[in-house]
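Residue numbers (this note's numbering), protein chains in the order written: chain A, 8 to 426; chain B, 8 to 426.
Note that these hints are calculated values from the structure, not bench results. Heads up, none of these hints are tricks.
Heads up, the list lumps identical chains together, so a pair's fine if it works in one copy or across two of them.
Straight-line distance between alpha carbons at most 20 Å, and here's what the computed EDC-like set of lysine to aspartate or glutamate pairs gives: (1) K213 - E404; (2) K409 - E398; (3) K409 - E399; (4) K213 - D414; (5) K415 - E59; (6) K424 - E59; (7) K9 - D62; (8) K238 - D214; (9) K185 - E416; (10) K292 - E242; (11) K185 - E59; (12) K185 - E98; (13) K409 - D214; (14) K420 - E98; (15) K290 - E242; (16) K88 - E362; (17) K409 - E212; (18) K409 - D389; (19) K88 - E98; (20) K415 - D214.
These numbers come from a predicted model, not from an experiment.
There are 2 protein chains.
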Amino acid sequence: MKKNAIYAQSGGVTSVINASASGVIRACRDYSDKIGTLYAAENGILGVLNEELFDTSNLTDSEIDGLRKTPGGAFGSCRYKLKSLVDNRKEYERLIEVFSAYDIGYFFYNGGNDSADTCLKVSQIANELGYPLQAIHIPKTIDNDLTETDNCPGFGSVAKYVATSIREAGIDLASMYKTSTKVFILEVMGRHAGWIAASCGLASEKDGQPPHIILFPEIPFDEELFLAKVKYSVENYGYCVIAVSEGAKDKSGMELSASGASIDDFGHRQLGGVAPIVAQIIKNKLGYKYHWAVADYLQRSARHLASRVDSEQAYAVGYEGVRLATEDNANGVMAAIIRTSQNPYMWETRAVELELVANHEKFMPRDFISEDGFHITQKCRDYLVPLITGEEYPDYENGLPKYVELDKELMNKKLAKFI
Amino acid sequence: MKKNAIYAQSGGVTSVINASASGVIRACRDYSDKIGTLYAAENGILGVLNEELFDTSNLTDSEIDGLRKTPGGAFGSCRYKLKSLVDNRKEYERLIEVFSAYDIGYFFYNGGNDSADTCLKVSQIANELGYPLQAIHIPKTIDNDLTETDNCPGFGSVAKYVATSIREAGIDLASMYKTSTKVFILEVMGRHAGWIAASCGLASEKDGQPPHIILFPEIPFDEELFLAKVKYSVENYGYCVIAVSEGAKDKSGMELSASGASIDDFGHRQLGGVAPIVAQIIKNKLGYKYHWAVADYLQRSARHLASRVDSEQAYAVGYEGVRLATEDNANGVMAAIIRTSQNPYMWETRAVELELVANHEKFMPRDFISEDGFHITQKCRDYLVPLITGEEYPDYENGLPKYVELDKELMNKKLAKFI
Numbered sequence: 008m009k010k011n012a013i014y015a016q017s018g019g020v021t022s023v024i025n026a027s028a029s030g031v032i033r034a035c036r037d038y039s040d041k042i043g044t045l046y047a048a049e050n051g052i053l054g055v056l057n058e059e060l061f062d063t064s065n066l067t068d069s070e071i072d073g074l075r076k077t078p079g080g081a082f083g084s085c086r087y088k089l090k091s092l093v094d095n096r097k098e099y100e101r102l103i104e105v106f107s108a109y110d111i112g113y114f115f116y117n118g119g120n121d122s123a124d125t126c127l128k129v130s131q132i133a134n135e136l137g138y139p140l141q142a143i144h145i146p147k148t149i150d151n152d153l154t155e156t157d158n159c160p161g162f163g164s165v166a167k168y169v170a171t172s173i174r175e176a177g178i179d180l181a182s183m184y185k186t187s188t189k190v191f192i193l194e195v196m197g198r199h200a201g202w203i204a205a206s207c208g209l210a211s212e213k214d215g216q217p218p219h220i221i222l223f224p225e226i227p228f229d230e231e232l233f234l235a236k237v238k239y240s241v242e243n244y245g246y247c248v249i250a251v252s253e254g255a256k257d258k259s260g261m262e263l264s265a266s267g268a269s270i271d272d273f274g275h276r277q278l279g280g281v282a283p284i285v286a287q288i289i290k291n292k293l294g295y296k297y298h299w300a301v302a303d304y305l306q307r308s309a310r311h312l313a314s315r316v317d318s319e320q321a322y323a324v325g326y327e328g329v330r331l332a333t334e335d336n337a338n339g340v341m342a343a344i345i346r347t348s349q350n351p352y353m354w355e356t357r358a359v360e361l362e363l364v365a366n367h368e369k370f371m372p373r374d375f376i377s378e379d380g381f382h383i384t385q386k387c388r389d390y391l392v393p394l395i396t397g398e399e400y401p402d403y404e405n406g407l408p409k410y411v412e413l414d415k416e417l418m419n420k421k422l423a424k425f426i
Numbered sequence: 008m009k010k011n012a013i014y015a016q017s018g019g020v021t022s023v024i025n026a027s028a029s030g031v032i033r034a035c036r037d038y039s040d041k042i043g044t045l046y047a048a049e050n051g052i053l054g055v056l057n058e059e060l061f062d063t064s065n066l067t068d069s070e071i072d073g074l075r076k077t078p079g080g081a082f083g084s085c086r087y088k089l090k091s092l093v094d095n096r097k098e099y100e101r102l103i104e105v106f107s108a109y110d111i112g113y114f115f116y117n118g119g120n121d122s123a124d125t126c127l128k129v130s131q132i133a134n135e136l137g138y139p140l141q142a143i144h145i146p147k148t149i150d151n152d153l154t155e156t157d158n159c160p161g162f163g164s165v166a167k168y169v170a171t172s173i174r175e176a177g178i179d180l181a182s183m184y185k186t187s188t189k190v191f192i193l194e195v196m197g198r199h200a201g202w203i204a205a206s207c208g209l210a211s212e213k214d215g216q217p218p219h220i221i222l223f224p225e226i227p228f229d230e231e232l233f234l235a236k237v238k239y240s241v242e243n244y245g246y247c248v249i250a251v252s253e254g255a256k257d258k259s260g261m262e263l264s265a266s267g268a269s270i271d272d273f274g275h276r277q278l279g280g281v282a283p284i285v286a287q288i289i290k291n292k293l294g295y296k297y298h299w300a301v302a303d304y305l306q307r308s309a310r311h312l313a314s315r316v317d318s319e320q321a322y323a324v325g326y327e328g329v330r331l332a333t334e335d336n337a338n339g340v341m342a343a344i345i346r347t348s349q350n351p352y353m354w355e356t357r358a359v360e361l362e363l364v365a366n367h368e369k370f371m372p373r374d375f376i377s378e379d380g381f382h383i384t385q386k387c388r389d390y391l392v393p394l395i396t397g398e399e400y401p402d403y404e405n406g407l408p409k410y411v412e413l414d415k416e417l418m419n420k421k422l423a424k425f426i
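Next comes chain A alone, as it looks inside the complex:
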């Protein structure tokens, strides 16, 4: 009667997605009365389609513990969205073929919006085709834009990283502005939602403390107001520190990073980077000396500065996903995080229907952003602070974090190649 399970990682990876993997693996071992072998697919759903699977039974306790403190996706991730059943029935039939060949009864998919959609479709299709399957979504995204959950594992650690980094860079600038750089700009991720940019605001705990300005994707960029704010900051505090979301947009909805200034002589747009664009606007109009940084992958892989709460929640939703599938016989749900108390911060995990999650996005509420649109409110701080709380350091060897690298040997294939 025992069925086997497949776990896969999807979308942009985080510094704690492997903690979720660790939770899933541990739980499958704890629920060995109901779950037989747990396979991990290589590179998300593609690994299922291509029958590229690892047997996680081979993992040692030390490897499973090591995953809790290792960034990136240990099993490989993918950016791949299943089409609808109408558009590509073949893919779904293939999934069922693979599930069937490995006697899979449980599918744990670890990702963001797109993965929630994939997970829901897989659940629905299995049902339509009469294949008994429980598909559970394990939330993960640094963008923090999944609905129906207090927050998304991966986000808290990015938030801690960017807030720490901008505090440190702000202290640097404060030492130098009298004879050198007056403006510093940090570009952070978040193409649609400003959660990461907002987190930078946590570094500013009193008036005049950096960052002085935050540019959110939710608030159209107003150059005049912005420049006035920069000028005010430099004239009153001596310098100006700015956090800008990669997705900051002008009033027409066009991303600033795609504006004319970023197009080079060859007409290329892929140089990217909104920080240099904002720097140039300031230089042209106000003449201040500037520096800028683009954190890019550094922010989402910085396991050395993970939030302990985030790491614990990542593990918990992984574990809870398996518990929901076995104890509660759940299907088509996400293991969500529920905030049960604000002060002290308390939380628990709970199932929410995937239909409420898939293809929805959670943006910053307007009352999380200050009236002038350039900073965060106390309400936003109250929400964010618990998520960055606590440290959980990796081990170090020769001065560098010692991360687990799995010796992944793919299983021999049973099926014909999928074209």
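Once you have looked at the hints, place chain B on chain A.
Using the frame of chain A, we list chain B on its own:
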């Protein structure tokens, strides 16, 4: 008979320059039989010229300890190089005037090449003008380009930060390359010397581990060889991680960041950033999807990831500077770090003549760079590893590092304003 002392910070700040300040302050208290009051000048030598001084006697033990774990320059720094005595005699006379007004017998100047030069000139001028002064240089620079010292406080922590960051980003990329980004580029500081870029190489401990390529300022950029190397890496490892020094140059000696590709439609050059330039070369010639990051100030202010050895050495050279001045009656010297044993790494502090240091630069030896010019050698690793060893975390509050902010009240001035 007791004389007072002035301490000042100069040039680009680091995550451990305040540890040197802490060492100077502690030592002055320990040598209170010879040193009266220790003043700190605001913004380096400018604070002396403008008579902008703090009395460090007001600092509490907890503040002095807090400085050991606080990045930036707590007393303010400056980018200001004294002219020669011939060109600006007035400035030197003013320095002596301020020293005289505060009965200063000791001048501790904490900085890099330019500051070593300033410190030496101050020492010489005091001698010429018959003013009794002992001027001691406390080394500091993330560039690690001072001669006559094993390394420069500030460098080890940047090295640890960039090596950790590129390891983490490399793990991220390794999870994603099959369906997404194939090339990641991290731009690090170091305009003339490649020490910081070299440190990224520490993250690669076995064949195929990122970073796969390092671009040093010391090795002229050869586009053809570089592209072949990128292609090889992507074809053999699946992806390619590159560390590039901001000072990477082409064969004519021009910085890559100043190349045509960085000039926008308006002819501006200040966009800066060599990472996007390198990314574009790869995109144009090989078509790989890329991401890039520019660490900028983040790398030199990242006290959250300081090297313990670096922090200890920063404190030690501060303390040693005061000891040299008092016990050894030294003048015109730098408190250098001497490596007395490689394995295990052991070091001590010692005075070296400032004339051997001022205006010299230490570049990467050719045998620290691999034959093909794209990586580091074992000899280089042996030199670097001890400098990034050990962690020394700051305290955290509300999820963020709790850094000391001094309540600096300037003393009332005794002299007329310096024009």
